[in-house]
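With chain A fixed as given, assemble chain B onto it according to the hints.
Just so you know, the protein sequences line up as chains A and B, in that order.
My numbering applies: residue 790 is where the first sequence begins, and numbers increase by one.
My numbering applies: residue 902 is where the second sequence begins, and numbers increase by one.
Mixed in with the good hints there might be a few duds.
Stated by the list, open to error - Straight-line distance between alpha carbons at most 30 Å, and here's what the computed DSS-like set of lysine-lysine pairs gives:
(1) A/K1165 - A/K1219
(2) A/K918 - A/K987
(3) B/K981 - A/K1102
(4) A/K1223 - A/K1276
(5) B/K965 - B/K952
(6) A/K820 - A/K875
(7) A/K1165 - A/K1206
(8) B/K965 - B/K981
(9) A/K1303 - B/K1203
(10) A/K1276 - A/K1303
(11) A/K1113 - A/K1080
(12) A/K1247 - A/K1303
(13) A/K1335 - A/K1320
(14) A/K918 - B/K1203
(15) A/K923 - B/K1203
(16) B/K904 - A/K852
(17) A/K987 - A/K1335
(18) A/K1113 - A/K1165
(19) B/K1023 - A/K875
(20) A/K1276 - A/K1247
(21) B/K1023 - A/K867
(22) A/K814 - A/K852
(23) A/K852 - A/K911
(24) B/K904 - A/K1102
Said to hold, decoys possible - For the chain A half of the interface with chain B, some residues (derived, Cβ under 7 Å), not all of them:
(25) R874
(26) N879
(27) L892
(28) A905
(29) V908
(30) R936
(31) M937
(32) A939
(33) Y940
(34) H942
Claimed, not checked - Every beta carbon over 12 Å from chain B, so not counted as near; a handful from chain A, in silico:
(35) K852
(36) D864
(37) H1002
(38) R1222
(39) H1277
If you're looking for bench data, these hints aren't it; they were derived computationally from the structure.
No experiment lies behind these values; they were computed from the predicted model shown.
In this text, a Cβ means the ideal position worked out from N, Cα and C, and glycines have one as well.
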Amino acid sequence: MSLLTVSNLTTRFYTREGITTAVDKVSFTVKQGEILGIVGESGSGKSVCCYSLMGLIPSPPGKIESGSALFQGQDLLKLSERELRKIRGNSVAMIFQDPMTSLTPHMTIGEQLIEAYRVHNKSTSQQAKLRAIKVLQEVGITNIEQRMNAYPHEFSGGMRQRVMIAMALITEPKLLIADEPTTALDVTVQAQILQLIKNLQISHNLGVIFITHDLAVISQLADDIVVMKNGEVVEAATANALFRSPQHPYTQSLIAAIPDSAKPKNRHAIEVNAGDEIKANAAATPLVEVKGLSKSYSLTQNTWFFSKKREFKAVDNVSFDIFKGEILGLVGESGSGKSTLGRSVIRLLDADANVLRIDNTDLQSLGADDLRRARKNLQMIFQDPFASLNPRFTVFDTLAEPLLVHGIANKNNLLQKINELLDDVGLERKHIRKYPHEFSGGQRQRIAIARALAPQPKLIIADEPVSALDVTIQAQILELLLELTQKHGLTMLFISHDLSVVRYLCDRVMVMNKGQIVEQGETEALFSSPKNSYTQQLLSAIPTLKVSA
Amino acid sequence: MLKYFFIRLLSAIPVLFLVILITFILVRLAPGGPFDQERAAPPAVLANLNKQYHLDDPVVVQFKDYLVNLLRGDFGPSFKYPTRTVTEIILTGLPPTLELGLYALLFAMFVGISTGVMAGLKPNSAQDYIPMTIAMIGICLPSFVLGPLLILGFGIGLEWFPVSGWGDSPGDKVLPAITLGAAYAAYIARLTRGGMLDVMSQDYIRTARAKGLSPARIVGLHALRGALAPVVAFAGPAAAGLLSGSFVVETIYQIPGLGRFYLQAAFNRDYTMILGTTIFFATLIILFNFISDVIQAWINPKLRQSLSK
Chain A
790 MSLLTVSNLT TRFYTREGIT TAVDKVSFTV KQGEILGIVG ESGSGKSVCC
840 YSLMGLIPSP PGKIESGSAL FQGQDLLKLS ERELRKIRGN SVAMIFQDPM
890 TSLTPHMTIG EQLIEAYRVH NKSTSQQAKL RAIKVLQEVG ITNIEQRMNA
940 YPHEFSGGMR QRVMIAMALI TEPKLLIADE PTTALDVTVQ AQILQLIKNL
990 QISHNLGVIF ITHDLAVISQ LADDIVVMKN GEVVEAATAN ALFRSPQHPY
1040 TQSLIAAIPD SAKPKNRHAI EVNAGDEIKA NAAATPLVEV KGLSKSYSLT
1090 QNTWFFSKKR EFKAVDNVSF DIFKGEILGL VGESGSGKST LGRSVIRLLD
1140 ADANVLRIDN TDLQSLGADD LRRARKNLQM IFQDPFASLN PRFTVFDTLA
1190 EPLLVHGIAN KNNLLQKINE LLDDVGLERK HIRKYPHEFS GGQRQRIAIA
1240 RALAPQPKLI IADEPVSALD VTIQAQILEL LLELTQKHGL TMLFISHDLS
1290 VVRYLCDRVM VMNKGQIVEQ GETEALFSSP KNSYTQQLLS AIPTLKVSA
Chain B
902 MLKYFFIRLL SAIPVLFLVI LITFILVRLA PGGPFDQERA APPAVLANLN
952 KQYHLDDPVV VQFKDYLVNL LRGDFGPSFK YPTRTVTEII LTGLPPTLEL
1002 GLYALLFAMF VGISTGVMAG LKPNSAQDYI PMTIAMIGIC LPSFVLGPLL
1052 ILGFGIGLEW FPVSGWGDSP GDKVLPAITL GAAYAAYIAR LTRGGMLDVM
1102 SQDYIRTARA KGLSPARIVG LHALRGALAP VVAFAGPAAA GLLSGSFVVE
1152 TIYQIPGLGR FYLQAAFNRD YTMILGTTIF FATLIILFNF ISDVIQAWIN
1202 PKLRQSLSK
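This is chain A alone, in the form it adopts within the complex (with noise of 0.2 Å):
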């Protein structure tokens, strides 16, 4: 039985820049008791589209200018918004990607709750709390009464993404939209909530749009899939279907595009051209090494009356060595202590080492001037380009500078220079004059990886470089960072919570849990057989695509 019916909605914005075409004649459906998948990249229309249905695009600029969704009989796009706010949160329900800042951050948990359940029915307050509590058992909150009365900030990502479901099921729903809850957590706790959506899908037998950039998460949950691009749906299918035979050339694409399925295939293709040489001197020197590294921060812990100091161990007595040549991969959740490890390797942290030594260079005992010399070879990439480049700057600007803070360049040879890292980046060199906002997300990303390289490095380290990017993009420029290492001769130390990445792009990877390195090894004898238990269970929740036969 159809749930929702939408017909040739269509959903544009009018700009000062012109007129955009969001949502170009969509049509699709949900079934009771189905969960429907709508999939696209970035721009895609597809959060648009849904947010359209519920009155929630800002308008203007966004208008509806046509199609129809017919809902328990109601076509939604005809109704005033006192109509449509009736249904909002009670008929249809919504959950949000990023649970840390989707919740009112001054309301306590039960307030937000309670209110939820009241605005739509008629109850005491007393009623609303039981019915409260009942909904946060059924997403598996624990010590209710406590948590009642907590605030969002004292929840886990996954907790709160929990709490939003119990919001969103409080009023018993036919329909529960979804956009990206997954996305902004780990790899473990994804795995739990999309288990938790799945069984109160079946148990409560509700229609799901689940709103997904990620293929390998929406084929194991969706009965079908809606693909979208560019505002049109280019394919819709079964999920069984889509992923066995995908019929349009994007589907494919995105499909081939996933790091999982396209394993360690090039790497190795590259490797037996260009670095059996490096790799068999290199095997013996390490380019850093890092014996007993800790580095902890102070926590207090406040009541009204009391401090107490804690001592928190961000990273706690790391050892290891990156071999000059290689790409090392460091995983872990967020909180496991990478980044701060990542950080720590090249100073720009002060932690506490037994031995820290790069190039057989002790960077603990430089001065402040020395370190800064030292840092020409010591660079590193971020994870969101748009807020590590500064705005002000063109491409020029960007590169210029530290070309020439280093010597790499003087005046007569810089624009030849800068010429020569946008070739090596990929980038036109028409974009030179160009500021970071006139860049796509992927196109910062090579201008970063530019200045990367710009004073010419041994060492690069990668902080998520590729976890703010759509799945196509993300495969053009780990392809780019496989090239440039091997082109350069470049040490990699590659940091990202995203297993299959690593295992596309890493020799070896080391696994990071609660500040400690848990597991080492060469990828595929550590992703083939892991011997850590915690290696195991993070390995086991990485979503893979499921095509059933």
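Just chain B now, with coordinates in the frame of chain A:
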């Protein structure tokens, strides 16, 4: 948390000490003295006066004596009105100033927040541009221009309100309160608008809308508390500014408030009076800033938690 606020209160002591020290030095550096008059008094009389008020002691000793008296709660006698102590003068001038400041603050808060919310809900529309333009003018217009304009319009022209006095006739407090509060209202409106714009684009507002809440509930319960954070931060200094900056308005409307005594004390080189009122106002400023900090912690649970670091 309590510890944090206790430390904040203790830190007021060195601040006050510095204020006293600097004021003490500055008034003595300024040319002229409390007993200079158009016709110079005989030197013998002057010497006598200086002796009586211990002005012939070394400055360090004067400062020490002043501090000791201050700790006993004694601001000393006024040099200009020898029959009255500084404490008495402050206490007579304070009620009108406090009352005026209170009305002005209420006016500024009410007008500022309501127009700011209106403007922030529909940015870049007439509902935004018109009040914000008026607010800009309000900020630019000093009270010695606005006051006479209001008197001309509503006092003399329309005859709605009396043009001067304090508590003598009904409605004579309206124009002074508006004159004093206008610039603050305008500034609060701009702060509120900025806060609203910021908060209304937050994810949790989207969640609130997705829950099917009414716009009034979303603004009142979910948005306003966050949007008012900058206003609360400003309210402390504003309240202090309203009290200590009211002398222009008090002069325009002939209000017997503290601000006028303060101004006269400066002209008269009435050392003890200047020091007394300065210390009094400094204490008020510190106190209001402190209250505003407490309120900020109250509306932001996250800040509350991080405070005791």
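Hint check:
| no. | hint | result |
| --- | --- | --- |
| 1 | A/K1165 - A/K1219 | 27 Å, holds |
| 2 | A/K918 - A/K987 | 25 Å, holds |
| 3 | B/K981 - A/K1102 | 67 Å, violated |
| 4 | A/K1223 - A/K1276 | 27 Å, holds |
| 5 | B/K965 - B/K952 | 17 Å, holds |
| 6 | A/K820 - A/K875 | 21 Å, holds |
| 7 | A/K1165 - A/K1206 | 16 Å, holds |
| 8 | B/K965 - B/K981 | 22 Å, holds |
| 9 | A/K1303 - B/K1203 | 25 Å, holds |
| 10 | A/K1276 - A/K1303 | 35 Å, violated |
| 11 | A/K1113 - A/K1080 | 17 Å, holds |
| 12 | A/K1247 - A/K1303 | 29 Å, holds |
| 13 | A/K1335 - A/K1320 | 25 Å, holds |
| 14 | A/K918 - B/K1203 | 24 Å, holds |
| 15 | A/K923 - B/K1203 | 27 Å, holds |
| 16 | B/K904 - A/K852 | 53 Å, violated |
| 17 | A/K987 - A/K1335 | 15 Å, holds |
| 18 | A/K1113 - A/K1165 | 17 Å, holds |
| 19 | B/K1023 - A/K875 | 23 Å, holds |
| 20 | A/K1276 - A/K1247 | 12 Å, holds |
| 21 | B/K1023 - A/K867 | 23 Å, holds |
| 22 | A/K814 - A/K852 | 14 Å, holds |
| 23 | A/K852 - A/K911 | 34 Å, violated |
| 24 | B/K904 - A/K1102 | 27 Å, holds |
| 25 | R874 | 5 Å, holds |
| 26 | N879 | 6 Å, holds |
| 27 | L892 | 6 Å, holds |
| 28 | A905 | 5 Å, holds |
| 29 | V908 | 6 Å, holds |
| 30 | R936 | 14 Å, violated |
| 31 | M937 | 14 Å, violated |
| 32 | A939 | 9 Å, violated |
| 33 | Y940 | 4 Å, holds |
| 34 | H942 | 5 Å, holds |
| 35 | K852 | 16 Å, holds |
| 36 | D864 | 18 Å, holds |
| 37 | H1002 | 18 Å, holds |
| 38 | R1222 | 31 Å, holds |
| 39 | H1277 | 41 Å, holds |
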